[in-house]
Amino acid sequence: MSPPSFKEIGSKVKDFSVENTFWLSPNIKLNFISRKDPTVLFSLVSHPPNYVTEKFYSYYDSNRPILYSTLNTSFFKDVQLSFTYCQPASFKSTLTFPLFSDSFQQEISGALSNNNARTDTNAPFDDPTFSSRTSYTSDNIVAAFETDVRDKKIKSYLSLVLGRNNFFIAPRFGISLKKLSRYYVDLKLAYERNNVEVFTYFTWRKLHSLTNWHFGILHKTPGLDLGFYSVIKDKANTMDQSFLTVCYKPNSWSFLKCSLANNLMYTFYYGFTFTEGIVTTLGFSSDLKQNGPCCKFNVSFSMDL
149 MSPPSFKEIG
159 SKVKDFSVEN
169 TFWLSPNIKL
179 NFISRKDPTV
189 LFSLVSHPPN
199 YVTEKFYSYY
209 DSNRPILYST
219 LNTSFFKDVQ
229 LSFTYCQPAS
239 FKSTLTFPLF
249 SDSFQQEISG
259 ALSNNNARTD
269 TNAPFDDPTF
279 SSRTSYTSDN
289 IVAAFETDVR
299 DKKIKSYLSL
309 VLGRNNFFIA
319 PRFGISLKKL
329 SRYYVDLKLA
339 YERNNVEVFT
349 YFTWRKLHSL
359 TNWHFGILHK
369 TPGLDLGFYS
379 VIKDKANTMD
389 QSFLTVCYKP
399 NSWSFLKCSL
409 ANNLMYTFYY
419 GFTFTEGIVT
429 TLGFSSDLKQ
439 NGPCCKFNVS
449 FSMDL
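If you read the sequence shown in our numbering, its first letter stands for residue 149, the second for the next number, and so on.
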């Protein structure tokens, strides 16, 4: 089995711990997923206004609906084409196809995005205008060369993921093509085995300034999942963000999930399913500090066919 890509390392830990913790998560979300060919994802979410200026938004009828949909299809063998639409801000198309052999893959994507509309509506869409990714995959190695064009900025990345005995080491070098003096070095270290995943992630600017340090751990058991994720930034040398998340699964059809951030943002979720493929989740979030009376409620309905 080949190693994960550079972006995939640590993503499960982060998603488990951070997902829907902050105020910008949807109040209402309806998901429809079909995994048949073509694959379809259809989401209707209702986002609140920006919590920085509207702290007590739960008392206002100002939630903004956002339509998010993705279509994946394959016209030829091993060739994938996807379309993503995020109303009213963005549209994206991605084409993936093999080069020479199945070990080499080429991905090309382009996106049209209205930055003002995306900012005003809190749309979860932040893709570059154009990106290209050429990758090579084998049993123990994943190598990739990527180029992203975002507004007037052009960056290229060269990443390498080495895997052996459940350990992964992944260095990445990035540079700005418009200003070659700006370059970045990233390093990810990870361990995955059965139900345990641990990773750490370092980011340097010009090799002498440690910009960020990430650390995360996720441990899953049949009845309890435990996750911890933190980000430390260089200047203050303090824990800028940290999340402790616990998910209790008393039976096969329900779960209780709690998450606490270092800024005392608290989230509680209860999810249940009575039919295979249909999950309903009810959530509550609150700030345990001075803005404690400010709270929000979440409702999520997901159908996976």
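Don't take every hint at face value.
In the EDC-like style, the derived pairs of lysine to aspartate or glutamate whose C-alpha atoms are separated by at most 16 angstroms in a straight line are [claimed, not checked]: (1) K155 x D299; (2) K368 x D334; (3) K162 x D299; (4) K368 x D185; (5) K327 x D373; (6) K155 x D373; (7) K240 x D296; (8) K354 x D373; (9) K327 x D299.
Restraint-style ranges between C-beta atoms, simulated for each label pair [claimed, not checked]: (10) C406 x S182: 12 to 20 angstroms; (11) K326 x E424: 47 to 55 angstroms; (12) I176 x F231: 29 to 37 angstroms; (13) N179 x F321: 20 to 28 angstroms; (14) V447 x S400: 38 to 46 angstroms.
By construction, these hints were calculated from the structure, which means they are not laboratory data.
Glycine included, every Cβ here is placed at the ideal spot set by N, Cα and C.
**Study point:** Numbers of unmet hints, in rising order
**Key:** 1, 2, 3, 4, 5, 6, 8, 10, 12, 13 and 14
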